[in-house]
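*Asks:* Add chain B to chain A, keeping to what the hints say.
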Amino acid sequence: MSAPMLSVDGLQAWYGAAQILHDVSFNVGRGEVVALMGRNGAGKTTTMKALMGLVARRGALRFNGADISGLRPFEIARQGLGFTPEDRRIFSELTVMENLDIGRQPPRRFPGGQPAPVWTPQRLFELFPNLGEMPNRPGGRMSGGEQQMLTVARTLMGNPLMVLLDEPSEGVAPLIVEQMASTIIELKKEGLSILLSEQNIHFARLVSDRVYVLEKGEIHWQGSMAELSGNLDIQRAYLTV
Amino acid sequence: MTLDAFLFQALNGLSTASGLFFIAAGLSLIFGVTRIVNIAHGSLYMLGTYIAYTLATKIGGAFGFWGGIVLTALFVGVIGAAIEMLLLRRIYRAPELFQLLATFALVLIFNDMTLWLWGPEDLLGPRAPGLAGAVEIFGRRLPSYDLFLIFVAPAVLILLHFALAKSRFGRLVRAATQDREMVGALGVNQAVLFTSVFALGSLLAGLGGALQVAREPANLAMDLAVIGDAFVVVVVGGMGSITGAYLAAIIIAEVKALCIAIGVVDLGFIKFNASKFTLVAEFIVMAIVLIVRPYGLLGKPQGNVRSVAEPEAPIRPAAPLLKAFAAVVLALLLALPVVAQSSPYVMVLATDILIAVIFATSLHFIMGPGGMHSFGHAAYFGLGAYGAALLLKSAGFPMLAALLAAPAVALLGALLFGWFAVGLSGVYLAMLTLAFAQIVWAAVFQWETFTGGSNGVIGVWPTAPFNKAWVYYLLALALAVISVLLLRRFLFAPFGYAMRAGRDSALRAEAIGIDVKRIHWLGFAIAGGICGIAGGLFAFAKGSISPEAIAVGRSIDGLVMVLLGGIQTLVGPMVGASVFAMLQDTIMRQTEYWRGLLGCVILFLVLAFPQGIAGAFSMLWSRFDGKRGGRA
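First to last, the sequence lines map onto chains A and B.
Heads up: the first sequence runs through residues 1 to 241, numbered per this note's numbering.
Heads up: the second sequence runs through residues 1 to 632, numbered per this note's numbering.
With the rest of the complex left out, here is chain A:
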């Protein structure tokens, strides 16, 4: 495999004075879906926020060949790293179309020169038909599942090379969970890399190639999804089964 899309080495992160991540290292290849798994409080969300520069952090972070450890959040987003937060953070006063517009960025290319997928509201409405039915609805008056789709769609409007998906299956109906899984597979086909945070192995198993298991701010296990599926000890030790 060529140089990874994202490589993280010795990542430490803090919330105020409390250190949450102690030493986290992993990488995500081009077009690969990697799951970051662990219980509540293991540091999954903090890892994603640290990658985006949203919390105090230290460590070697390389994305698409560039050092992003000193960049500010908007600069990181402009490198083509998209982020969909776990609490969705939809702009509730803005309509669906307006929310999408906030995420808009120019098209970009993969390192080799091939164009990365370009997203328009029309294309996204094909991917998420529900959203297409309510382009003028304010974000605050949508269901949790609809907001989950909107937050992914909003991030895709930035035409990212890689997406950080923080617990996309949390708190939404089973039907939406299935749709999220097929969306991830669709994005992978388009050549995007995805880092997925999950506590739920059933969902992660549907989409992920490889897994890193986090516990107390450190990586405790890594391997392929198939290996983890067969390893009940690890599942029992670090995951909610």
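The hints are simulated quantities; they were obtained by calculation from the structure and are not laboratory data.
One should not assume that every hint holds.
Beyond 12 Å from chain B on every Cβ pair, some chain A residues (computed) [unchecked claim]:
1. N64
2. G171
3. S182
4. D233
One side of the interface only, derived from the structure: several residues of chain A facing chain B at Cβ under 10 Å [said to hold, decoys possible]:
5. I76
6. A77
7. G82
8. R89
9. I90
10. R104
11. Q105
12. T155
13. M157
14. G158
15. L206
Label pairs and their in silico Cβ distance ranges [to be verified]:
16. L583(B) x H220(A): 53 to 63 Å
17. A408(B) x A18(A): 37 to 47 Å
18. F169(B) x E190(A): 30 to 40 Å
19. R89(B) x A17(A): 55 to 65 Å
20. F450(B) x A18(A): 53 to 63 Å
21. G144(A) x A319(B): 43 to 53 Å
22. A318(B) x P174(A): 50 to 60 Å
23. A17(A) x F63(B): 36 to 46 Å
24. S342(B) x A17(A): 50 to 60 Å
25. H22(A) x A319(B): 22 to 32 Å
26. W116(B) x G41(A): 15 to 25 Å
27. S505(B) x H220(A): 28 to 38 Å
Keep in mind it's a predicted model, so treat the numbers as computed, not measured.
Glycine included, each C-beta is placed from N, C-alpha and C at the ideal position.
*Replies:* Frame of chain A, contents of chain B only:
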């Protein structure tokens, strides 16, 4: 009072509302996106009037006037952008109160700069070319320019409304008002957005000021007068709502106009002049609105505002070294009368400092550990001072009894005001406390028969043995030590822990059985009562008390003292008060431009020591101590 005269005053109110709307809309926009309450917005408005005056008189003619207004607005917009880039950008992550202090420093600097550039005289601009006449309406003559102003405000409102609704800039502004961090994570450069919003808000203030050029003379008191009104308008209308700002501007301007229109009212048993209520009327409106609708008429609860400032470190009991240091300082203070026998001025200055220390420590008690940002601490100072003075003069209390009753009077006032105030938080709380302080101020100012009006109460001298400066100093020292120790005792008692818990997380504190509102109410009352001691001491130290001494400037002085010293330590307000009182008594009296100088000092301190003076020392100490881990 005829109906025609009534309607005419109402029209007058509408044209006044237009100026209020421009400044309030700008203030509201800026607050929505940057979460900075720009106290200097009134100064930008004032600059607008002055610059438009200069352009209209120097260039002259229609172009000088109308073109001058446009140029002024643009120029003030550029000044706003410069303020954001050079100053505010450095302090977005600082605690909210530091930002307030920084913009207040700008008020001082702009005021002295204007004095230097334009001189102290009021400057009335020329009449508007093309609109110099008047129209006959309701049997009176209304200047055509006023009629023009009545229509300009809604025109700009509609323009702004569409810009916010339909443009990408407007969408970004609305999105950032809700969650600016997420906007950044989606690839939007917040720095550019913040600068442009600040420039737009400043442009509106400059436009509002420039439009006044043919209506009111430019003068140096405009900045604070107009910012007070603008705060009221923004809070009544709801922070971040442009339409709310327009609605509130009209309500406030109309209430004031109607007070004037009503004039003297004779209810048979009581006769009063309603036009005297203009001062207090807007604050009463604001107090009512805030009590009924805590987020203003069209405002929305500010969802979970993501704080970007570092969480506050808990206050810890003083280390043995600090305690020893405090004992040495106390011993020196006790010995001061012996050392300073030849200079009575030193005793007076030292007494002033002790009064400032009590005032600032009591304010710190609610601001720091209580987390309630009071902009009206002068109210309790005033209640204490007037309480003591009037009990001595009108009720014939002996001096010591009057002095001891001062905290009781202030406590009663704080219990009453606090009951309403603790239901609010953040900027809204600050504004309601300001409103209460203005009501107290206006009451003593306008209730001449009881309080002596603007002359105040005079002849409030201490009796023997306290009529000697050094004995009075020792009395002040004793009361200061008691006040500080009492507040400290409260802070490290379960009551203090509960108050801090309520500040850090009201929900979690409630969940473990703390009645947060009640605790904060009591905390507010205690701080008010202690502040009353400072007021009583002040009245007897000066021999008089007047409304001037309890005006909004006193509240601001208190904020400056607390923030100078730093809010994270108990020593902070004491250091801040001492430094501030000494600066005020020494350097400030030497120069005509002392306000600008004080402003520069504040800006320097804010930028150099975002933790306050005492905070900076304790940080240096802990660095030296090597206890801090090596985290970036």
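*Asks:* Can you give the numbers of the hints that this structure goes against, from lowest to highest?
*Replies:* As far as the earlier hints go, 15, 19, 23, 26 are violated by this structure, in ascending order.
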